[in-house]
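Enquirer: Residues per chain are reported as follows:
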Amino acid sequence: MKPFLIILILLLAIILQTTAAPFLSISGNSPNLVLVLILILVTFKDFKEIWWNVVLAGLFLELFSGLIFGLISLSLIGSVYLIDWLKKNFSTIKFWLRTGFIGLGILAYNLLLISLGRLFHIDLFFNLKYLFINIIYNLLIMIIFFFLGYVAKKVFYQK
Amino acid sequence: MKKIFKHPLILSLLVIVVLFFLNYQGLLKRPQDIFFRLFAPAQKIIYKGSLKASNFFDSINSINNLNQENAKLKQENADFLNRIIQLKEVALENEFLREQMDLPDSGTKQLVLADVVGQDSSGSGKYILINKGEKHGVKKKAAVITAGDILVGQIIELTDSFSKVQLITDSNSRINALIQESRITGLVKGNQGLSLIIDLLPQGQNIKDGEIVITSGLAELFPKGLLIGQIQQVLFSDVQISQKAKIKPAADFNKLEKVFVIIN
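In order, the protein sequences belong to chains W and V.
Just so you know, my numbering puts 16 at position 16 of the first sequence, and the rest follows in order with no gaps.
Just so you know, my numbering puts 1200 at position 200 of the second sequence, and the rest follows in order with no gaps.
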């Protein structure tokens, strides 16, 4: 995928995440489009190829957040690196394994963000029910992205 | 040594550290402002569209209760009209007495109208982005309200043309508050981004559901008398030295479109 296209998709995702996504909130959880996109990307590519995408996505998220600068980027890089490291133990990655990795990535991101927040005395909302809904909701978004990707691939291949 | 710095993880951490220091020095303000200016028009359109869609679906959901709600609102309207007449009389009397006693005017607020162009990206805090900044006279820690003097939040970060507002429902927000009828003071905190809690209410005081909570003006962070909400439920406990109560916020934070920043 060309870098320009990745930047464009990330920009679109951050705009939608800060405008439309809050209205789709379930029990205080709104979908994290940028996180899901980056986690999908890392299940297809190596971290060394996409590290700058992860930094850029983190920067976009930081711009629209009121948290201390760096917390989101660090959590994002931590979760992406973890998935990249786990992925290397498997020769082929099927859909269910990819879903598991992404779910784990969302969990790692949330836990890292909460831990870093505690370190800086920032009170971030955390309970197991919230976390569970967050993971399930973002995995649903992932399925939608996969479907859109599949449709886009079919359309462009036909052309 | 060179190999370590070529490792993607080290490289990305280095970039974040550099960006952190640039942000700490305030050097990211300008690029941030340019970024917001570039994308704010698109954001505003999508935000307003989403708000309209959300309102539309809400109205469909509440269509069954419309008759009941209409009757309730008519009753409330009649009560409010009666109260307005009484308050107008009190205001005139108050003005007359103020003149007689040569007391200074209580002062009017200088407001800047702003559009909400986006909400928080992290999902963990409760913030909004508005399209007014330093060049419009907005300052850090300024109070943000909506129509009817309802408190929305406080400015926490600002660029030339944009500001980030921490909503009062954010877990890290603290407001000195006063229960209007019983004159009991307490501290209002955000309750996990969903509602509000008033804490540090003295034990033994009788607090009723439905009482109005306003800003007390203590610490001078927020002007006195801004509406916060209504007491929803008193969380009584004999073990603790103070009482707590749940507050129903007066503002609907999911439907914010325009807000005012108090600049004086």
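Everything labelled a hint here was simulated from the structure, so no lab data went into it.
Just so we're clear, the structure is a prediction, and the values are computed from it rather than from any experiment.
Ideal Cβ positions, reconstructed from N, Cα and C, are used throughout, including at glycine.
A few of these clues could be false.
Straight-line alpha carbon distances no greater than 27 Å define the calculated DSSO-like cross-link-like pairs of lysine-lysine that follow [as the list claims (entries may be wrong)]: (1) LYS1255/V with LYS129/W; (2) LYS88/W with LYS48/W; (3) LYS1006/V with LYS2/W; (4) LYS129/W with LYS1224/V; (5) LYS1003/V with LYS88/W; (6) LYS87/W with LYS1140/V; (7) LYS129/W with LYS1244/V; (8) LYS1141/V with LYS1258/V; (9) LYS1006/V with LYS45/W; (10) LYS1029/V with LYS1208/V; (11) LYS1003/V with LYS48/W; (12) LYS1139/V with LYS1255/V; (13) LYS45/W with LYS94/W; (14) LYS1135/V with LYS1258/V; (15) LYS153/W with LYS94/W; (16) LYS1072/V with LYS1139/V; (17) LYS1248/V with LYS48/W; (18) LYS45/W with LYS1135/V; (19) LYS1141/V with LYS1248/V; (20) LYS88/W with LYS1006/V; (21) LYS1246/V with LYS1072/V; (22) LYS48/W with LYS2/W; (23) LYS1244/V with LYS1044/V; (24) LYS1052/V with LYS1029/V; (25) LYS129/W with LYS88/W; (26) LYS1224/V with LYS87/W; (27) LYS129/W with LYS45/W; (28) LYS1088/V with LYS1006/V; (29) LYS1246/V with LYS129/W.
Computed footprint of chain W on chain V; a stretch qualifies when at least three of its residues, placed anywhere within it, have a C-beta under 8 Å from a C-beta of chain W [unchecked claim]: (30) 1095-1101; (31) 1152-1164; (32) 1232-1240.
Just the calculated beta-carbon pair ranges, DEER-fashion [to be verified]: (33) ILE93/W with ILE1212/V: 37 to 43 Å; (34) PHE147/W with ILE1263/V: 35 to 41 Å; (35) ASP46/W with ALA1053/V: 35 to 41 Å.
Enquirer: Between LYS1072/V and LYS1139/V, is the straight-line Cα distance small enough, at 27 Å or below?
Expert: violated (41 Å)
Enquirer: Apply the coverage criterion to the stretch 1095-1101 of chain V and chain W: a residue qualifies when its Cβ sits closer than 8 Å to a Cβ of the chain, and three qualifying residues are needed.
Expert: violated (count 0)
Enquirer: Using the C-beta atoms of ASP46/W and ALA1053/V, is the stated range 35 to 41 Å upheld?
Expert: Taking Cβ atoms as reference, ASP46/W and ALA1053/V lie about 40 Å apart, which means the hint holds.
Enquirer: Against the 27 Å threshold, does the CA-CA distance of LYS1244/V and LYS1044/V hold or violate the hint?
Expert: violated (38 Å)
Enquirer: Is the Cα-Cα distance between LYS1248/V and LYS48/W 27 Å or less?
Expert: violated (49 Å)
Enquirer: What's the verdict on LYS1141/V and LYS1258/V, does the C-alpha distance respect the 27 Å limit or exceed it?
Expert: The given pair, whose Cα atoms are some 19 Å apart, holds under the 27 Å limit.
Enquirer: Decide if the proposed pair is consistent with the structure: LYS1003/V and LYS48/W, CA atoms, cutoff 27 Å inclusive.
Expert: holds (13 Å)
Enquirer: Using the C-beta atoms of PHE147/W and ILE1263/V, is the stated range 35 to 41 Å upheld?
Expert: violated (48 Å)
Enquirer: Under the criterion that the straight-line Cα-Cα distance not exceed 27 Å, is the pair LYS1006/V, LYS2/W satisfied?
Expert: Roughly 22 Å separates the two Cα atoms, so the pair holds.
Enquirer: Decide if the proposed pair is consistent with the structure: LYS129/W and LYS88/W, CA atoms, cutoff 27 Å inclusive.
Expert: Given pair LYS129/W, LYS88/W is violated - Cα atoms ~31 Å apart, limit 27 Å.
Enquirer: With a cut-off of 27 Å on the C-alpha distance, tell me whether LYS1246/V and LYS1072/V pass.
Expert: holds (24 Å)
Enquirer: Quick one, are LYS87/W and LYS1140/V close enough, alpha carbons at most 27 Å?
Expert: Violated, at about 45 Å.
When the structure is compared with the earlier hints, violations turn up for hints 4, 6, 10, 16, 17, 18, 23, 24, 25, 26, 27, 28, 30, 32, 33, 34 and for no others.
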